[in-house]
Amino acid sequence: MKKFILILVLLISPAALFAEEPIAERPHWSLEIKGGDFIPDIDNWSQYYGRKYTREYGGSLAYKLLRPLEVGIEGNYIEDKGKGLAPLHNMPAGKVTYKLYPVNVFVLVRGVFSENQWLVPYVGGGWTRMFYRQEVEDQGVARGATNGYHARAGLQFLLDGLDPDAANSFYLDDGVHHTYLFLEAEYTRAMVDTVSAGSVNLGGTSWLGGLLFEF
Amino acid sequence: MRAKCLALFIASMVLLFFTLIPQTLFAASFILNVPNDFSTIQAAIDNASLQLTQNPGNSYSVLVEPGTYAGGIMLKSSIPVSGRETARTIISNGGTGTAVTANGVTGVSFRNFTIMNASIGVLISGNSSVSISNNVFQTGSSSIAVEIQNSTSSLIVNNTFYQNKTAIMRDSDSGSITNNIFYNTANTVQINQGAGITQNSISYNLFFPALNGPTGTNFIPNSLVPALVNPDPLFVKPAKGDFHLQLRTPTPSPCVDQGDPAIIDGIDGTRSDIGAYGGPNADSIPFPVPEPVSAPTSTSTSISVSWDPNNSYLVTDPSNPGSYNVRYIFSSATTTVNIPSTATSTIISGLTATVPVPPVPTITLTSPHDRALDVFWTSSSGATGYKIHYGIASVSENTIDVKFTTNYTLFGLTNEQWYQIAVSAYAVPTYLISVSALDNVGPAYDPGIEHESAYSPQAAVEVGNPAESANSAVVTDFPERLVANPDLPNKGCFIATAAYGYYSAPQVQALRAFRDRYLLTNEAGRAFVRWYYRYGPIGAEFINAHAWLKPVVRTALMPAVGGALFMTRTSLLTKATVLILAGILAGYLMQRRKRVHSGGER
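Which chain is which? The protein sequence lines are V and E, in order. So the first sequence is numbered by the working numbering: it starts at 1 and just counts up by one. So the second sequence is numbered by the working numbering: it starts at 1 and just counts up by one.
The hints are simulated quantities; they were obtained by calculation from the structure and are not laboratory data. Being a predicted model, the structure only gives us computed values, none of them experimental. Keep in mind that the hints are not guaranteed to be accurate.
Quick look at which bits of chain V chain E covers, simulated, 3 or more residues with Cβ under 8 Å [to be verified]:
#1 81-88
#2 188-194
Derived CB-CB ranges, DEER-like [claimed, not checked]:
#3 N465/E to K81/V: 41 to 49 Å
#4 M74/E to R67/V: 49 to 57 Å
#5 P35/E to R67/V: 56 to 64 Å
Simulated pairs of lysine-lysine, DSSO-like, Cα-Cα distance not exceeding 30 Å [what the hints assert, rightly or not]:
#6 K99/V to K52/V
#7 K387/E to K95/V
#8 K95/V to K403/E
#9 K81/V to K52/V
#10 K99/V to K81/V
#11 K95/V to K52/V
All residues carry an ideal CB built from backbone N, CA and C; glycine is no exception.
Generate coordinates for the entire structure from the input sequences, incorporating the hints supplied.
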């Protein structure tokens, strides 16, 4: 935990150096709000949870060290409800609630070459701390956390041109330089030892979309 | 040519007819119902007002069925609003704010509601002309029931003001304040500060218990009943919302037939009563009786039914009694028995005490849990309940009546023990019994609509013996502890956490670090962890339930914690040094022991 906080402070600390700067032409922060589908990297997932994917919601905040380069932190929430395994019957049974709370510290590069660029590709990745909570009804809760990593890439579409007046007001009133709609794919790997069946990756592949505000 | 002229003449006459006749001849009346047509009173008023604008020749009104509705209602011109039943059509405003507002509206009546929990019940302002009648105001002891501002032609007639701070506040003489009951109200009719007006147009009202504020003319207890010592209006049951009047002998309610002689009661056609149930627009629906008390008699083909009386003078007058309808439903057939209101009980006899045996259900699925089994089965037509029979050697060992459901979880079983399970269906002859109150004036009766109350809640009474099917085919299954997929570990040492009280205790963290570094890295260690995760929670639960064990367990864990700390917090060199020293010490002690046993040096 101490290492995590130290890394976070080191990554975010450059923000303090620029905090007193006058309003610049370029944005310094990125805020993402997103949601989508998460495909767990777990065998037989659909046999117990009914489908191959589940819902994921999250958000991130990042500081731009340079216009195209930013570091930040991302928090997501994943939940599904399904059945457990009756091992002697070898059949799904009961009720299980499965929750993941991945926290990512990341470095991200956005391919921005002009403030009016309408299509921006981006790629990034970093360290993941995967918190989990799993409850078998009437039996109890297992909770814990494990470390891992993640990588993501996507495309963001500049929305300012759709309504320039609104975009201008958004900047003048709230300091938001740009608003983007984005779509991304994210892969997470966070291994953990199971009680009875070796190690398993709690991560998986996420297909996410959302809004990005640069300010 | 003549035919053409004739046709032209007829056409002109038709046109003239439709132009000159009054438009009102084609006018239609529309009633917008809440909640059948609109879910809120305001939505119905707004729609009626819009339709009136588009069709000024028609008339529109809003009728509200019994229920509790939100306040904040704005009345609109020429849209009368009424409740179906004063006692059960309630506007509740959550304790604050104004429940109903009439601002600059004309041609509006607002009647047959109970208004509760508001700072102001009805606010009339802006030169409005509104008739407020047949309402019960229970707005609260710090509230104003009706406030009139700059609206001289509004009428306040036949209302009951119950325990408000101020019943009516006004800044001018409204049209009239007539036939109202002011019960335990601090200020009856109050002049708004600084208005400097006289108090006129107040007549035929009852004030109980004190005469507080202006009373006007012909008021009770003075003018109408000079000898009256206690002018209690004798409400039937205010705590339940029943503000009908009682006919208590020998002294009846002083409000019965004592209102303005110029006003006639719509219910019985006599001189008006005072209060919310007098005048031409009072609802004629008696207050419902509570759920009856019903039980089968010893004959098993009859049921005794008794109920609380409805003490309204329109129902229980001994010289002119109303009645009760006792309704019972069996197998979708409805039968009604009329009982004079002098009685509040009856026996329904000659009932059917048998029903067909329902078909045998089939168990469709059993599903294991930790010490439990879910059982699912098919429904049987005509069944009123089911029984589960289960046991280890025979299904007759245990029987549970699970009532009317098609799935049930058997708890308290032993994991990995086979059980036999069967289900049977049963049917019991069940009668649903309810009661309504009818007044003594009729002549037409319609429950919840006119002269007859809505039926009480139904009482279910079982008569005779149940008819039970044979058991279903026996199904065998066993419960077991479930495993989640993936089977994630709980990252905590159960017993140590219970003993030290919290997961982040340094001792717990030392054991956890030892587990991660020395147990989870080899198969034997992982096997131990699996075993511990299975049974550790049981031990932790026992320690948590017996707090005195915690210091004992902490003491017992000391060597393990010390060993874990040594193994996880020290360098390899330290470990090697300590092991070598321990080896030397052990070797020395063994040598010494040998010498002692051989009789050598001590």
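Each hint, compared with the structure:
1. Remark: the region 81-88 of chain V is confirmed as covered by chain E, as 5 of its residues place a Cβ nearer than 8 Å to a Cβ of that chain, reaching the required three.
2. Requiring three or more residues with a Cβ within less than 8 Å of a Cβ of chain E, the coverage given for the region 188-194 of chain V holds, as 3 such residues are present.
3. The hint said 41 to 49 Å for the Cβ distance between N465/E and K81/V, and at roughly 44 Å that hint holds.
4. M74/E and R67/V have their C-beta atoms about 56 Å apart, which keeps the hinted 49 to 57 Å range intact.
5. Look at P35/E against R67/V: about 59 Å separates their beta carbons, and that is inside 56 to 64 Å.
6. About 15 Å separates the Cα atoms of K99/V and K52/V, which keeps this hinted pair within 30 Å; it holds.
7. Proposed proximity of K387/E and K95/V is supported: the alpha carbons are some 25 Å apart, at most 30 Å.
8. For the suggested pair K95/V and K403/E, the alpha carbons sit about 24 Å apart, so the restraint of at most 30 Å is met.
9. Restraint check for K81/V and K52/V: satisfied, since their Cα atoms lie roughly 13 Å apart, inside the 30 Å limit.
10. The hinted pair formed by K99/V and K81/V meets the criterion: a straight-line CA distance of about 9 Å does not exceed 30 Å.
11. For the proposed pair K95/V and K52/V, the alpha carbon gap of about 17 Å is at most 30 Å, so the pair holds.
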